[in-house]
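S.K.: Given chain A's structure and the hints, the job is docking chain B onto it.
Top to bottom, those sequences are chains A and B. Here the first sequence stands for residues 4 to 596, where the numbers follow our numbering. Here the second sequence stands for residues 26 to 724, where the numbers follow our numbering.
It is possible that part of the hints are untrue.
[Stated by the list, open to error] Covered stretches of chain A (chain B as the covering partner; in silico rule of three or more C-beta atoms under 8 Å from a C-beta of chain B):
hint, segment
1, 33 to 40
2, 195 to 202
3, 449 to 457
4, 556 to 569
[Claimed, not checked] So, partial list: chain A residues that the calculated Cβ filter (under 10 Å) puts toward chain B:
hint, residue
5, Glu43
6, Ala52
7, Gly409
8, Ser422
For the record, the hints were derived by calculation from the structure and aren't laboratory data. This one's a predicted model, so the numbers in the text were calculated from it and none came from an experiment. Where a beta carbon is used, it is the ideal one built from N, C-alpha and C, also for glycine.
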Amino acid sequence: MTRKATKTTKHSGTERRKRGPVDPVIAEIVRNGVMAVTEEMKTNLMRTAYNMIIYEALDFTVGLFTPEGETVSIGIGLPMFIRGMAETVKAKIRHFGRDGVRPGDIYVTNDAYITGSHLNHVTLTLPIFDKGVLVAFSCCMAHWIDIGGTLGGMTTDIFSEGLQIPILKYQDRGKVNEDLVEIIRQNVRIPNRALGDLRAQVTAVKTGERRFLELIARYGRDEVAAAIAAIMDRSEAVARAHTKSIPDGVYEAESFMDDDGVAIGKPIPIRVRVEVKGEEMTIDLTEVSRQVRGFYNSGITTGHACAQVAYKCLTSPTDYPINDGSFRSLKTIVPPGRIISATRPAPMRWWMTFPMTIVDTVFKALAPAIPDRVIAGHHADLLVAQFHGFNPKTSEFFMGNFGPLGGGWGAKRTEDGVSGTVAINDGDTHNSPNEQIEAKFPLVVERYALVPDSGGPGRHRGGLGVERVVRARTDITLNTQIERAHCRPWGLAGGRDGKGNSVALRFGTHWKTDFPNAKVLVAQIKAGDAFRLRSGGGGGYGSPLDRPVDDVRNDVRQGYVSVHEAAVFYGVVIDGDTFKVNEGATTMLRARE
Amino acid sequence: MTSNQSRSAAGQPNLRLAADIGGTFTDVAAFDAATGKLRLGKALSTPRHLVEGITAGVEKAGVTYADAGLFLHGSTVAINTILERTGARTALIITEGFRDIYEIGRINRPDAYNLFFKKHVPLVERALRFEVRERILADGGIDIPLDESEIAALGKRLDMLGIEAAAILFLNCYRNAHHEARAKALIEASHPAMFVSASHELSQEYREFERCSTVVANAYIGPKVRGYLGEISKHIQAAGFRGSFLVVQSTGGLYEAEQAKSHCIRMLESGPAAGVIGAKALCRALALDNAIAFDMGGTTAKAGVIYKGEPLTTGAALIGGYERALPIQIAMMDIFEVGTGGGSIARLEEGALRVGPQSAGAQPGPACYGLGGAEPTVTDANLVLGRISADRFLGGEMQLDVAAAHAALKTHVAEPLGMSLTAAADGILRIAATTMSYAVKRVTVERGLDAGDFALVAYGGAGPLHAVHVARDIGIRRVIIPKAPGVFSAFGMLYADLRYDYVRTWPTRLDDASFDDFARIYSELEDQGRRAVAAASMTPGKVTINRAADMRYVGQEHAVTVDLPMQVFEEQDRAAIKRHFDDMHLLRYGTSAPAERAEIVSLRTTVTGIMPKPVPEEIASGGAAPPKAARTGKRPVYFEGHGFVDTRLFARDALTAGNRIKGPALIEEHASTTVLMPGAALEVDRFGNLDIAVGKGRS
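With the rest of the complex left out, here is chain A:
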C-alpha cells in the first residue's frame, strides 16, 4: 500500500481555496502569534507537570492544528513526534465526525497505533470554537512516567505494556468524565503523578485555546486563517526550493539494528530508498524490516515521522513554526507491518529507538548528492536506564529513569561532530542533574564524563560519547534497552566509524562487559554494585590523514584523542607529556597511507 502525502494535500486543498492576497504584515504578526501560543502552552505544561520526564527531560509536544488536523505550529519538543499529534487530531475528527466535535470537549487517547508511539504518550485535544465555529485544535502530548503494564523486562504484545485508552472524551461539553479518571487511577502505579500530569495537560490545551482566540479577536477569524494558509504556503515554497537544489536521482543506503531483544544477536535490516525529482522527494521505507517480536516497533505515524524529520533537517531546518506546509513536497511510502508501521498487537514500549537510525540512514543515502548538508552517523539512542526498588529508610517503592545520557554526533564536511548531546529523537530534552538524582534516589554517580577516542576519526572528527557510572546504595532492579552496540555510527567520505553504545555492570570489583548487545533486562544490582552506560561517538567525515596536525595535537592535549589513536588513525606522532609533534615520524606515517 502506498500512502503518500495525498491525505495531507487533500485537506490543505480546502485551505488553499481562493483567497485574496494576504497582508505580509499580518502574516508575520500571526506567525509570531502562533509560535507565542505554542510557547506559552509549553511553559504552562512544563511548570505544572508532576514528573521529571516532562519537566526536566521535556518529553512532550504541544501544538495548534487547523480544523482539518493540519499542523499549524508545534512547540519545540520531540522531533520524532512531529507527526504524532496531527494524526491523533485527524483520528479524533474521524472518530467523532465534524458534527460530533463540540465546544467544551476535550479528547484523550494513548492508542499506540494512532500516535505511532508508546502508551505513555497520552494525548489531549481541545477543539477551539470562535462564536460557534470550529477554528482550530489545541493539542498536547506528554509522557507519563507510568501507564501500568509489566514493570521492566521485555514485552511481546501491547497488552503487557499498560492501560490502553481508546479515543474518548475526557471532557464532554464541559463535564469531566470521572469514570475515565477512576479507570486511570486504578491502572497506574503512581496515580497522583499521572493525574497531576493530566491536569497539567488540560491547562496546556486550555492555554492554547485562550491565546488563539485572542489572536482571532484582534486580527479577525478570516484574516488569521488566511495568514496561516500563507505561512504554510511559504514553508512549502522553502522546502520545494531546497529540494530542487538536490540533484535528481535515486539514492539508497542501508544499516541495521543489533536485534529486537527477543531473538538475541539477529540483526534487523534497515534499507531506505530516496528518490529526488525536481521539487519533490519520495522516501521509500518498504525495505525496512518487518515488525519484530520485541518492543521496538512503532506505528505508521512514526514511519511518516521518520521521513518528515529527515526531510525537514535537509530542506528547512530553521523554518518556524513547524507546520505541515513543509511536507507537501514529500512523499513517504510505508507499507504496513514494518517496524515503523507495526500493526496490533505489536509491542511498542521502546518505539523511539529504531526510527532514529532510519533518519540517519536517509542522511547516509543522500550523502553523495548533498555532501555539504548531511551529517555522519550519530549514537542514535537515548541511553536511558530505568530502575526501581524500595527505599531502605521508608520502605517506599521508588522508580526512576536515568537519562537521557547524550552522545556523539556525526561530523560534517566542514565541522567536527558535537559531543555529549541528545539523539535525534529528542530536541530540547535535558539530562537529569546528578545532584538532583542523588537527592532523590539511593544512588551515587561515580562518573559522568566524555569517552576519549569514541569519536570517529576523520578530517573532521565525530563528537565524543559520554559515560555514566552509577553505584546503588540499596538493591535495585535495572533495565536498559540500548541499541547500536554493533552497528557503530558510520563515517562518511573516508571518515571512520565512531564507537558503538555499550553497557557494563560491576559486581564487587569485577566489571562484566561481555554482553551480546547493550540490552540488560531485569538485572539485580546489589547495594555497592554499579552499572555503566556508555554512548557512542559520532562518525568522522573525510580521511583522518587530512586532519591538520595542529587540530590533532589539540585533540590530544585536551584528551579527546589518545596518543595511540593519534598515531594509528591520524598518522600524527605526539609526545603525551609535552604534546610536541614528532614532525619526521608524522610525515612518514602520513605519507605511507
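M.R.: Relative to chain A, chain B alone:
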C-alpha cells in the same frame, strides 16, 4: 535633561553619584540631598579607560567627586568579559569523574532539526579542568575524604600553566561545603595572587552544571573585574572622593565594591537591574502597585516586572542565546530580553517580512545614519513616518539622512512586497511592537500574572517611541515615560538598597521539617548577610529579612519560590507555610492541591540594609495647556488608519506639571521622542513624568 547649575554643591557630603556604563554611553545621575536637586550627565563611553567616561559624565552633570558621600556604580564590564571572552586564564578544580560536566551541560538541542547546531562553549578548556579525589554524598556524608596533598600537587601544576584564576566545584557541596572550603584555603595560601572562587560561596543550590558554570564565570571575570573596580576606586579617591563606593548587583541591590571584587558575577546585569529599581521608585512615588519596566535600546528590548511594589527576581539566568547559553545560578532580577531595538533590520526571508533579531548596531547603524548601512531598520521606519526628526536626533548632534532611509526601505521591503513606502514602514513598526509585546507577556505569563493589569514604564532611547503601541498590543491601559528616560538606569541606582541573597538546597518533606532546622539554616545564611551589611562602609537605616522557600507537591519535580512572612516561623505555623505554597501554585498555574503533601527543595533569604532615598524632585506647575515655549511646531507624521497627519510637536523640557496633550503628538527631548498616537492622551505629573492614557485606537 536638567541643565548644569552654576553654583556647585561643594561642601555637601550628602551628594550621591550614580554612574552607569553602557556599551555606547556612560550615564551619571547626581542627587543632592540638601537641595533635593537631581543632575544628570551623559558622555560617550571610553572602552579603553572606562574611568574617563565616568569622569566626563560627572563633569557634564556639573559636580565633583569631592562633593560626594556615595558613589554608586553599574557596569557592563562583567557581562562583556564573558560575551567577548576576554577573561582570565582559568582552571577548574572538580570532583573526580566530573570534569566534563561543564562541557556536556544539559545535552539539549533546542534547534532540533538543524544538523549544524552548536553547543555552549565552556570558558575553561578541558586541558585546564582538573579532577580531585573526594566525594560528598547527597546527605552530606563523606564518601571519599579530600586528600590535601593532591591539592598541593595541583597547585604546582597551576603555576606551571600560568593560571590566573581557579574555580572549585565539588559535588553536593550544598549539603557539606567542608571540602570546597578547605581546597580553597589551601590554594589561596599557596597562591596569594590567584583569584580563587568556590561554588558554595555563590550558590548552595543543587544542579552541578549550573553551579559549575556560575563559579567558573566568577573566576573567569574575577581578575578583570577586581582590577577594574580597583582602578575606579583609585581614580575617584585621587579626585578627592572620601565616601562609600557601592556596586549594583543583578538583583538591583547594592553591595560594597570590596565584596564585588570577589563575588564579581553578582554584578553581571547591573545596568538593566538598576532600570527596574528606578521603575520601582517611580511606582512608589505614584502609588502604583504593578508595573512593567520596559527598556528599549538600539539592539534589544528588555522587560522586568514590579508586582505588589517589588521587582520579581529569579534564581538563575542564561547568558547568551538559549541554544548556546552559559547558565548563572544566582539571584537576579527576572528580565526577559528580545532582539528588537532601533537598529533591528527588516528584511525579506523567502518572501516573508521579518524584523530582527539581526541588528545594524551602532556601526554601520541604520541606513539613515549615513555610515554605510544599506538595510532598513526600525529607526529608518520611524524616520520615514516622521516620528523622529532628521535634524533633532540626539538634540541635533547627528543629522539623519532621510533619502537613505527611503531608499533602503523601498529597495529591500516596499518594492519586493508591492507595498507603499509608508505601509512598509508602518508594517515594520507593527511587527516590532508585537514581537516586543510577546516578550513582555512572557515575563508575566510565567508568573501567572496578566500583563493587561499593569502599567508600562518605558525608558531607554527607543522605549518612548514604541511604548503606546506595545501597550495597546498587550492590552495595557497606562504608560508612564519617566523624566530623562535615556539615563533611567543611573537614576534607578539612587534608589537601591544594600542587599545580600542566599539560598541553600534542603530537600525535606514539609511534615518532617523541624522548626529548629528552619531556624538554624535561615540564621546561618542571615548571619552572613548581617555581617556583610555591618561591614559596609555606608550605614543603612535598618536591616530587613525576607524569607522564601522553593516548594513543590511531593512527587512533583519543579519547585516554585514562595515568599514566607517571618510570622510563620515565629508561630511555627506549618499549615500557614502550606497555605502560602498552595496560593502561589494557584496564582502561577491556575491549580492547587491543598489536600496533597508538600516538600521543601531550597530555602532562600534576602538581607536588606535600607538606604535613605532621594525625595523625587517636583517640577514647576502650569495649566492644562502646555506653555508656549513647549510648542515647537508641527510636522506630518504617519499613523495607521489616519495616514499622514499634521502632528503637533512639544519640547519636553519646557512642559510643566498639569499640562495635557491629546494624541497625535510628539514630545521631543535630547535622546528620545515620545509618540502619542491618535486616541492616546497624556498629562504631565508633578514629577515631570508623562502619564499616558493609552486609549483606544489602531496600533
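S.K.: State whether the coverage of the segment 449 to 457 of chain A by chain B holds or is violated, taking the criterion as 3 or more residues with Cβ-Cβ distances under 8 Å.
M.R.: Held - the segment 449 to 457 of chain A has 5 residues with a Cβ nearer than 8 Å to chain B, which meets the minimum of three.
S.K.: Using the nearest Cβ pair, does A/Glu43 come within less than 10 Å of chain B?
M.R.: Status holds, d = 6 Å.
S.K.: Should the hint that A/Ser422 touches chain B count as held when the rule is a Cβ pair under 10 Å?
M.R.: holds, 7 Å
S.K.: Test coverage of the segment 556 to 569 of chain A by chain B using CB-CB distances below 8 Å; three residues minimum.
M.R.: holds (count 4)
S.K.: Check, residue by residue, whether the segment 33 to 40 of chain A contains three or more positions whose beta-carbon lies closer than 8 Å to a beta-carbon of chain B, and give the verdict.
M.R.: holds (count 4)
S.K.: Just to make sure I understand the rule, a stretch counts as covered if three or more of its residues have a C-beta closer than 8 Å to a C-beta of the chain. Does the segment 195 to 202 of chain A meet that for chain B?
M.R.: holds (count 4)
S.K.: Against chain B, is A/Gly409 within 10 Å by beta-carbon distance?
M.R.: At about 3 Å, which falls below the 10 Å cut-off, the nearest Cβ of chain B leaves the hint on A/Gly409 intact, so it holds.
S.K.: Holds or violated: the hint that A/Ala52 contacts chain B, with Cβ atoms closer than 10 Å.
M.R.: holds, 7 Å
When the structure is compared with the earlier hints, no violation turns up for any of them.
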